[in-house]
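**Q** The listed protein sequences derive, respectively, from chains W and Z.
Residue 586 in this note's numbering sits at position 516 of the first sequence; the count goes up by one each step and never skips.
Residue 467 in this note's numbering sits at position 206 of the second sequence; the count goes up by one each step and never skips.
Be a bit skeptical, because a hint or two may be false.
Said to hold, decoys possible - Where chain W lies over chain Z, by a calculated footprint (3+ residues, C-beta under 8 Å):
| id | stretch |
| --- | --- |
| 1 | 579 to 585 |
| 2 | 646 to 659 |
| 3 | 666 to 674 |
In case anyone wonders, no lab produced these hints; they're calculated from the structure.
Virtual Cβ for every residue (Gly too), placed ideally from N, Cα, C.
The residues making up each chain are set out below.
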Amino acid sequence: MVYLYLIILLPLVGFLINAFVGKALPKNVSGIIGSSTILGSFILSSIFFIHFVNGTQQRIDADVFSWISFGDFKINFGLLLDQLSVTWLMVITGVGFLIHVYSVSYMHDDENFSIFFSYLNLFIFFMLLLVLGNNFLITFIGWEGVGLCSYLLIGFWYKNQDYNDAAKKAFVMNRIGDLGFLIGMFLILFNFKTLNFSALQTAISATTVNHGLIVAITMLLFVGAMGKSAQLPLYTWLPDAMAGPTPVSALIHAATMVTAGIYMIARSHFMYTLAPETLQFVACIGVATALFAATIGVMQNDIKKVLAYSTVSQLGLMFMALGVGAYTSAVFHVVTHAFFKACLFLGSGSVIHALSGQQDIRKMGGLKKWMPITFWTFMISSLAISGVFPFSGFFSKDEILGAAFEHSKVLWAIASLASILTAFYMFRLVFLTFTGEFRGTEEQKHHLHESPWLITMPLVVLAILAAVGGFMGLPEGLGYHHALKGFLNPVFAQALNPGEDMHGSAHELSASMEMSLMAGALIAALLSIAYAYFKYVSKSEKPNEDGVPISFVRRWIYNKYYVDEIYHLFVGFPIGKLSELFYSLIDKTVIDGTVNYSGKLSVSLGNQLRKLQSGYIGFYLLAMVLSMVVIFLFAFIIK
Amino acid sequence: MLLLGVLFFPLVAALLVYLSGNKQAKYVAFGATVIEFVASYLLKRSLSVGGLQPLVYSHIWITNPNISFALSVDGLSSILIILTTFLVPLIILTTFRKVIDNAKSFYSLVLFMQFALIGVFAASDGFLFYIFWELALIPIYFIALLWGEGRDKEFRNRAIFKFFIYTLGGSLFMLLAFIWLYLKAGTFDISALYNLNLSQNEQLLVFAGFFIAFAIKVPIFPFHTWQPETYKEAPSAGTMLLAGIMLKMGLYGLLRWLLPIVPLGVFIATPYVIVLCIIGVVYGSVIAIRQTDLKRLLAYSSLAHVGLIAAGIFTLTKEGFEGSVIQMVSHGINVIALFFAAEIIYQRTGTFEIAKLGGIRNVAPKFSTAFMVVVLAAVALPLTNSFIGEFLLLYGVYEYNTWLSVIAGLTIILGAVYMLRMYQNVMLGNTNENTIGFTDLHWSELAVFVPVIAAIFLIGIYPKPILNIIQPALDNILTYSLR
Numbered sequence: 071m072v073y074l075y076l077i078i079l080l081p082l083v084g085f086l087i088n089a090f091v092g093k094a095l096p097k098n099v100s101g102i103i104g105s106s107t108i109l110g111s112f113i114l115s116s117i118f119f120i121h122f123v124n125g126t127q128q129r130i131d132a133d134v135f136s137w138i139s140f141g142d143f144k145i146n147f148g149l150l151l152d153q154l155s156v157t158w159l160m161v162i163t164g165v166g167f168l169i170h171v172y173s174v175s176y177m178h179d180d181e182n183f184s185i186f187f188s189y190l191n192l193f194i195f196f197m198l199l200l201v202l203g204n205n206f207l208i209t210f211i212g213w214e215g216v217g218l219c220s221y222l223l224i225g226f227w228y229k230n231q232d233y234n235d236a237a238k239k240a241f242v243m244n245r246i247g248d249l250g251f252l253i254g255m256f257l258i259l260f261n262f263k264t265l266n267f268s269a270l271q272t273a274i275s276a277t278t279v280n281h282g283l284i285v286a287i288t289m290l291l292f293v294g295a296m297g298k299s300a301q302l303p304l305y306t307w308l309p310d311a312m313a314g315p316t317p318v319s320a321l322i323h324a325a326t327m328v329t330a331g332i333y334m335i336a337r338s339h340f341m342y343t344l345a346p347e348t349l350q351f352v353a354c355i356g357v358a359t360a361l362f363a364a365t366i367g368v369m370q371n372d373i374k375k376v377l378a379y380s381t382v383s384q385l386g387l388m389f390m391a392l393g394v395g396a397y398t399s400a401v402f403h404v405v406t407h408a409f410f411k412a413c414l415f416l417g418s419g420s421v422i423h424a425l426s427g428q429q430d431i432r433k434m435g436g437l438k439k440w441m442p443i444t445f446w447t448f449m450i451s452s453l454a455i456s457g458v459f460p461f462s463g464f465f466s467k468d469e470i471l472g473a474a475f476e477h478s479k480v481l482w483a484i485a486s487l488a489s490i491l492t493a494f495y496m497f498r499l500v501f502l503t504f505t506g507e508f509r510g511t512e513e514q515k516h517h518l519h520e521s522p523w524l525i526t527m528p529l530v531v532l533a534i535l536a537a538v539g540g541f542m543g544l545p546e547g548l549g550y551h552h553a554l555k556g557f558l559n560p561v562f563a564q565a566l567n568p569g570e571d572m573h574g575s576a577h578e579l580s581a582s583m584e585m586s587l588m589a590g591a592l593i594a595a596l597l598s599i600a601y602a603y604f605k606y607v608s609k610s611e612k613p614n615e616d617g618v619p620i621s622f623v624r625r626w627i628y629n630k631y632y633v634d635e636i637y638h639l640f641v642g643f644p645i646g647k648l649s650e651l652f653y654s655l656i657d658k659t660v661i662d663g664t665v666n667y668s669g670k671l672s673v674s675l676g677n678q679l680r681k682l683q684s685g686y687i688g689f690y691l692l693a694m695v696l697s698m699v700v701i702f703l704f705a706f707i708i709k
Numbered sequence: 262m263l264l265l266g267v268l269f270f271p272l273v274a275a276l277l278v279y280l281s282g283n284k285q286a287k288y289v290a291f292g293a294t295v296i297e298f299v300a301s302y303l304l305k306r307s308l309s310v311g312g313l314q315p316l317v318y319s320h321i322w323i324t325n326p327n328i329s330f331a332l333s334v335d336g337l338s339s340i341l342i343i344l345t346t347f348l349v350p351l352i353i354l355t356t357f358r359k360v361i362d363n364a365k366s367f368y369s370l371v372l373f374m375q376f377a378l379i380g381v382f383a384a385s386d387g388f389l390f391y392i393f394w395e396l397a398l399i400p401i402y403f404i405a406l407l408w409g410e411g412r413d414k415e416f417r418n419r420a421i422f423k424f425f426i427y428t429l430g431g432s433l434f435m436l437l438a439f440i441w442l443y444l445k446a447g448t449f450d451i452s453a454l455y456n457l458n459l460s461q462n463e464q465l466l467v468f469a470g471f472f473i474a475f476a477i478k479v480p481i482f483p484f485h486t487w488q489p490e491t492y493k494e495a496p497s498a499g500t501m502l503l504a505g506i507m508l509k510m511g512l513y514g515l516l517r518w519l520l521p522i523v524p525l526g527v528f529i530a531t532p533y534v535i536v537l538c539i540i541g542v543v544y545g546s547v548i549a550i551r552q553t554d555l556k557r558l559l560a561y562s563s564l565a566h567v568g569l570i571a572a573g574i575f576t577l578t579k580e581g582f583e584g585s586v587i588q589m590v591s592h593g594i595n596v597i598a599l600f601f602a603a604e605i606i607y608q609r610t611g612t613f614e615i616a617k618l619g620g621i622r623n624v625a626p627k628f629s630t631a632f633m634v635v636v637l638a639a640v641a642l643p644l645t646n647s648f649i650g651e652f653l654l655l656y657g658v659y660e661y662n663t664w665l666s667v668i669a670g671l672t673i674i675l676g677a678v679y680m681l682r683m684y685q686n687v688m689l690g691n692t693n694e695n696t697i698g699f700t701d702l703h704w705s706e707l708a709v710f711v712p713v714i715a716a717i718f719l720i721g722i723y724p725k726p727i728l729n730i731i732q733p734a735l736d737n738i739l740t741y742s743l744r
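Work out the full structure, taking the sequences as your base and the hints as a guide.
**A** Encoded structure:
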């Protein structure tokens, strides 16, 4: 139990040190403190993980202290460690540590270096709290806490008001989702008198629960997930969030925070399983987001924006997996995605670093020659995300597609289309960035270099994980052992009725069917890559410069379907107008006007009286009160 | 004895401050209020030791009409007294860097106000309550009028005078209600009033009298229009006294003197009142989004926050009650820190215009951090004090009506919009000619922020001591309110 506290508290200690005395410390010391606390958490998490794998670790579910309680209202501050949370722990602290190390070099010239590390540490602290809470409200602390850190880090370069706008947008969009989460918690608390995961699961399995209630709860919680995990229609903050430093994009906006929605639904699987309507909705939103974001990704020219839309799209796939009941597959994809997407973001950071801030892929090209390590790690991760055998994405994505196929052919078809687009835009990115001729300035060309080892080392580690990570989940349908499924089984098995299997229905497919689905997906991905090769390498096409006239549909997609503009027109703008209307018309004119009018009325009444008394009404009132006070005090003293 | 000491010590101190002269006034005032804080803490301690029974003091004062000098301090009163004694020294500290004309009068008025506020929270005789209620108005009236900062003196006089007449006029309805109750009960004693059986119409009448007085003081929409201009025109210390403590008188009045006395009237009026409160939440938040003046923005945000507290009280639920008290404390602490931040900005730049500010973070990192923490508390981030308050309040509203809680819940979105927008435009971006020379916090300013920030996290992480001590008192009120 002490070790579990330490896992959470180490990053908090790191935060406090860097926040309070960081300025006085040399940069390297700040960086070492920031990174080593996470390394400590990682080592402790690994010990727990190994014990869980060996079956020598029992699930920990303990209340630490009583937080908000009076009478029969009780919410405790408690922690829960099981196979699901330890999986997330490994990703958060493992990938988190690598990104901290990377940041030591990447952020080295920043004047607010120690503050950056304090924010990163604080983020890890809240993220750990999120996955280790044993009730919804503790998870909610982490949930809002990571939102805060995301806000602080997106707006890290606070002199730029555009970045600050992006930060504020992220916070507000998340708050919209959080309201859903909050109301969902109220429903749970009111009906079951607890927010504790285990107690809730017991309560729900013990009785037959009103079906409408469960649907309402799960839908509201999903609204929270839509905000945090950037799903339609609350996704628009994530592409803007790329304003933050690149390590932040890798850590928060790709590998960890944005998967919180998936964690929360997986954690509440015992409720979602009872609400097929919600699951259907989750699957639809997920697959729609996957396709929608992928189409935008095809048209973007900012290296980080492409990756951002790709993240939105991949998260959509994970939600679809949840929606078809394939919880393990969703978790599996969370893990592999953390490897390859963190690697891609860090790779893009390495590129941006080498080009002194350039993010436009139209101004890149041919970088493979100067940056071989960045290129190869980026390549491996791109192969992984595109679903090429035997890289990790191949296994996790095909598992999701298989589950979708089992559930509905339409879902499968749309998700497959999104995957084909993914392979295309990823290799469009790879080819435009790393092959062909360099299209930047001579000045930049002169300075081109491979990044230092603190940057390339995390890239290599992540690329290796992206390459081999898939072997933790080999397809069961083909007779292999799915290690992750076995590992997570105790978590997801609890809610299942005997004879039913809600997670990962892929194995119900016949082996030949599964084989042909996988082969089909692989061939489609390869064809897609080949098309990108043909287009951008053989024909050396490059995307249009801004201002070149393009067809309406292309312009529509290029401008992200004008969703931001639509939101502004239908939400932001009317609220602003309403604010002005409330203030100038209702407050100043109607309400205050009435008050002043009644005031004037009494004054004119007073003026009539004044003819008798020649006084001032305010003075009289004051005199009255004062004299009353004096009389009473006097009477009191006399007694 | 301690109880009488805690009540009268500020009055004695007010005199001492006046006698100590303009130079020494602030030090004497600060020292006295710190002693008072310690004393009030001891008072709370003696309460816990004595179990659930309130501390009482009663002395017959006037026999005809039957009025006694009766005080009763239970958990609820003691928490609000401690809030008062915690905030007043901080408020005095916020003025340390300022040259105040006729300082001895200023500080003795502040102490006199503290005396009256403690009296309001301690009185258990209706008439005594009324006297303290009105006594509290006098010092703040003079503070706002004579030490106000608005450029336009004529406009200030009108705004402050309007505030005075409006709140005083409202209180007269309360006086009428008390007299009516006296005629029925033959006493102003609170426990007798709690056990009074009035017909429905009588209850509605008394309800109306009290409600107008309390609603103006809180203020509840649409009785709030005195507030933005008064907050803006008063000196910041006056605004802090008003927003931090004085409006809690209205909320406390609702809990202590309205709900348990006329439960039937409350039952009938609640659906309308709660809707008014929640209109205030959304209305205040929406207006705050486009405010251009820092102080007025904070005034409208305060309107939204107290609207939610009042709504929580009218839900007549345990959660709403507990949340309302936690939030009274939290709002008191946070709002004085917010107005202090505004004051610091005004002292250094000479303006409250948001558009003229920006970039302060570049030059004043300590101030930026302190302000950020307070802003986060104001938007009810978990682990800060107001998260506990808002969570319980919204849950109370939820228990009353689901849809109302969704509408009231908009505050967590809108609050983030206007607070972060304000912070961004005031603190972030590049410096300009107004903010380039902005100096970071002075030690006396830091001495205000440190205890405030400590309280923000302490209550947010471990609210149990407060929840525990107010519970018996609130349970008692709830029992009478639901009879």
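**Q** So, for every hint listed, does it hold in this structure?
**A** Hint by hint, here is what the structure shows:
Counting residues of the stretch 579 to 585 of chain Z whose beta carbon lies closer than 8 Å to any beta carbon of chain W gives 3, which meets the minimum of three for the stated coverage. For the stretch 646 to 659 of chain Z, the stated coverage by chain W is satisfied: 6 residues place a CB nearer than 8 Å to a CB of that chain, which reaches the threshold of 3. Coverage of the stretch 666 to 674 of chain Z by chain W holds. Counting CB-CB distances below 8 Å, 6 residues qualify, and the rule asks for three or more.
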